[in-house]
Each structure stands twice: as C-alpha cells, then as structure tokens.
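What follows is the residue order along each chain.
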Amino acid sequence: ELKVEQNPLFLSMQEGKNYTIYCNYSTTSDRLYWYRQDPGKSLESLFVLLSNGAVKQEGRLMASLDTKARLSTLHITAAVHDLSATYFCAVDAHTGTASKLTFGTGTRLQVTL
Amino acid sequence: NAGVTQTPKFQVLKTGQSMTLQCAQDMNHNSMYWYRQDPGMGLRLIYYSASEGTTDKGEVPNGYNVSRLNKREFSLRLESAAPSQTSVYFCASSVTHWIYEQYFGPGTRLTVT
Numbered sequence: 001e002l003k004v005e006q007n008p009l010f011l012s013m014q015e016g017k018n019y020t021i022y023c024n025y026s027t028t029s030d031r032l033y034w035y036r037q038d039p040g041k042s043l044e045s046l047f048v049l050l051s052n053g054a055v056k057q058e059g060r061l062m063a064s065l066d067t068k069a070r071l072s073t074l075h076i077t078a079a080v081h082d083l084s085a086t087y088f089c090a091v092d093a094h095t096g097t098a099s100k101l102t103f104g105t106g107t108r109l110q111v112t113l
Numbered sequence: 001n002a003g004v005t006q007t008p009k010f011q012v013l014k015t016g017q018s019m020t021l022q023c024a025q026d027m028n029h030n031s032m033y034w035y036r037q038d039p040g041m042g043l044r045l046i047y048y049s050a051s052e053g054t055t056d057k058g059e060v061p062n063g064y065n066v067s068r069l070n071k072r073e074f075s076l077r078l079e080s081a082a083p084s085q086t087s088v089y090f091c092a093s094s095v096t097h098w099i100y101e102q103y104f105g106p107g108t109r110l111t112v113t
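Residue numbers (my numbering), protein chains in the order written: chain G, 1 to 113; chain F, 1 to 113.
In case anyone wonders, no lab produced these hints; they're calculated from the structure.
Please read these numbers as outputs of a predicted model, since none were measured by experiment.
Honestly, I wouldn't trust all of these hints.
To be verified - Chain G stretches covered by chain F per the calculated footprint, using a threshold of three residues with CB under 8 Å from any CB of chain F:
1. 60 to 68
2. 85 to 94
Stated by the list, open to error - Computed list of lysine-lysine pairs in BS3-like fashion (alpha-carbon distance at most 25 Å, straight line):
3. K68(G) to K56(G)
4. K100(G) to K71(F)
5. K100(G) to K68(G)
6. K3(G) to K68(G)
7. K56(G) to K17(G)
8. K100(G) to K56(G)
9. K41(G) to K9(F)
10. K57(F) to K100(G)
11. K3(G) to K57(F)
12. K100(G) to K41(G)
13. K71(F) to K9(F)
14. K17(G) to K100(G)
Don't be surprised by glycine CBs; every beta carbon is placed ideally from N, CA and C.
Pulled out of the complex, with its shape left as it was, chain F reads as follows (with noise of 0.2 Å):
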C-alpha cells in the first residue's frame, strides 16, 4: 500500500496563479484532510471531508477550494495563490471509527512568488 500520496512535490507558483494540488489514498478511508503548515508552526486546517460527496471549512478555508472526487481523491485548489499562501501542504486520511487516526502524505512545498 502506498498510503496517502500527494503530487507535486514541489511547485513555485507566481501571485494571481491557480493551481491545483492532488491527493490520493488507498487506504479505505471515509475521510481526508488538507492542511497547511508554516515554518515554526503546527499544521492548521484547510478544510475536510467527512465522507464521499461532503465538505466543509476548517480553521484557515480563506483562499482555497476543494473537490472530494471519489473516496480515494481529494484535491485542493488555489484560484488566485497569493505569497500568504507561501507554506508546506499536508493531505490526511483517517476511518471514521471511535481512533479517528489521521494518516499524513510526504507534503506539497509550494512557494508563491
């Protein structure tokens, strides 16, 4: 199993650009997670999924859109990436049982420019 997987890497992005960022898991799980993390920082919420076909906004959802597209995949995407949007990007999964255990992706670099 690959877990949870994320592409690009790495992405260097000009202010006023969109992009979208991929993420994919194998897991089975019902639920998945964008986050951000800022240096010095711990990771803040983006937004989520419960379960294929739902979504909604966690702490910091202002900027971003995102796409459950099937149990596996979950994307987020910037419209308009502004240099606040400047940070390291964290796809999770978890089961929606009693753990709740969240399972990270190796992360999104991205820098706006």
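Only chain G is shown next, with the shape it has when bound in the complex (with noise of 0.2 Å):
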C-alpha cells in the first residue's frame, strides 16, 4: 500500500523568509504533484513532476523529484502573504489507463508580516 507523508504539517514563517516542505512516499513512482488548496476552495494544480531529478519553478515556489529516495520538495523563496495555503503532494500509482493518486495530509502555510 502506498503512504505518502508530508512534513510539517503546519508552517508559519515570516515574509521574506525560504524554507522547505517535504513529501517522502513508500513505494516506486515515476510521477508526482503538487497541488495548492485555499481555505473552502478546490485544488488548483502546481506541478507534474514526471521523471527522476525533475525540477519544476513557477515564481516564488520551486519543486524537485528524487524518485530513488522517494522524495519531492516544494522549496518556498522569500515568501509574502500570498502563498498562505495549504499544500499537497499526490503521487501516482498509475494504472496505465488512469492514475490513482495518494495524497500526503497537506502542510498547511501561514505566512505573516
């Protein structure tokens, strides 16, 4: 069974401040997301990392792929309000025909003045 596990689980920082989150999962995957969610939204779609070393930036946020250990960071630079969410990362067990994702519990972003 795959577990995906995310930490931390909560994060305040400061304007300004770089830090990182982390995503480990159990089993082998080749594809990995990350998804942003705001308090009562829906996801909105980040990054599709789909191969090993694969690093993906958009902005202030920056994520990576290590499919041999089995690990994805989402690196936040010099962070401003804006980016208070909660997180996710989902790694795909893909069927061939469909993925099957699993989520990590989310970390959940607060960024202060």
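Hints given; two lone chains; assemble the complex.
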C-alpha cells in the first residue's frame, strides 16, 4: 500500500524567509503532483513532476523529485502573504489507463508580516 | 469552458437517506474520479472510471456506488447515508496519456446528521 507523508504539517513563516516542504512516499513511482488549496476552495494544480531529477519553478515556488530517495520537495523563496494556503503532494500509482493518486495530509502554510 | 462542475454545492441529509452527487466535465477527458476530504486530511480516492463504461474501486469505496453515465458525466450515490460520510466530496477528471494531470471540481460539502 502506497503511503505518502508530508512534513511539516503546519508551517508559520515570516514574509521574506525561505523554507522547504518535504514529501516522502513508500513505493516506487515516477509521477508526483503538487496542489494548492485555499480555505473552502478546490485544489489548484501547481506542478507535475514526471521523472527522476525533475525540477519545476513558478514564481517563488520550486518543486523537485528524487525517485530513488522517494522524496519530493517544495521550496518557497522569499515568502509573501499570498502564498498562505495548504499544499498537498500526491503520488501516482498509475494503472496504465488512469492515475490513482494517494495524497499526503497536507502542509498548512501561514505567512505572517 | 466550465471545466469540472459538481452539483449540489451543499447538502444536509439525515442518517439513512440517499442522494446522488453529480459531476460533469467538458474537457473531453476519458478518466474521472471521486474523492472525499475529511478535516485536516488529504483527499482519499473513493471510485474512479478510467474510461466510459468502466469503474473501479479506490481506497474507500464502502457505502458508495458510482455510475459513468457517458464520457462527460460521473455520479456518486450514497444509498443509506451515515454520519461517517460527512465530508467534502471532489470530482476530478484527467486525460489518459503520459501526464494524467487531474483537474478538480469545486466540491460538494455534505453533512449527515
């Protein structure tokens, strides 16, 4: 059974600081996704990581994937208040015809002034 | 394009009542999914449909049934609602090729009393 662990579960950080969220998973997969969720809202896709060593960047967020270590990281550079949200990683145990995502429990990020 | 739409947005049921959650997508995706999200947790897969005419169980299928009505629509039925089914339900869809990125609907907040 695929298990996905995120840490930390809660992160309070000051504007301008850097931090990293970690996503570890238990079985082999070469597809990992990062989503953002604002309170009471749906999930918004941030990054799709499809191979070992994949690195994607969008604004102040950068995601990477190490399939050998079964680890993905989401790095936040110079945080701003607008990044406050819950971030989920999801690992794909794809069947060949559909993806089967297992989500981490999420990291609630709070950026303070 | 509306993307993925869900109805209703909110619903309150009494224990033992039944209801159907509706989901439709206009992106011509082959695969569709139902998830539930409980407070402080990630999403868990209930059922999925890799293509029109097929459905498969996910991680937490007990107490639910699904119907893939056509390529656009995928419904989730609760035959006899229980308080443990109080949750937010999300529908998603994806293409069936390499990326498999899932796009989520706005969610249905269900309370069972």
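K68(G) and K56(G): Cα distance at most 25 Å?
18 Å, holds
Between K100(G) and K41(G), is the straight-line Cα distance small enough, at 25 Å or below?
22 Å, holds
Would you say the region 85 to 94 of chain G counts as covered by chain F, given the rule of at least 3 residues with C-beta under 8 Å?
It holds, with 4 qualifying residues against the three required.
According to a criterion of three or more residues whose C-beta lies within less than 8 Å of a C-beta of chain F, is the region 60 to 68 of chain G covered?
violated (count 0)
Holds or violated: K3(G) and K68(G), Cα atoms, limit 25 Å.
The hint holds at about 16 Å.
Regarding the pair K71(F) and K9(F), is the alpha-carbon distance no greater than 25 Å?
Answer holds: K71(F) to K9(F) is near 22 Å, not above 25 Å.
Straight-line Cα separation of K3(G) and K57(F) no greater than 25 Å?
18 Å, holds
Just to be careful, I want the Cα atoms of K100(G) and K68(G) compared with a cutoff of 25 Å; is the pair within it?
Distance of about 20 Å is within 25 Å: holds.
Below or equal to 25 Å on CA atoms is what counts here, so check K17(G) against K100(G).
It is violated: about 35 Å lies between the C-alpha atoms, which goes past 25 Å.
Restraint status (C-alpha distance of K100(G) to K56(G) at most 25 Å)
22 Å, holds
Hinted pair K57(F) and K100(G), Cα distance within 25 Å:
10 Å, holds
Checking one constraint from the list: CA of K41(G) to CA of K9(F), max 25 Å. Satisfied?
11 Å, holds
Hints 1 and 14, counting from the list given before, are not met by this structure.
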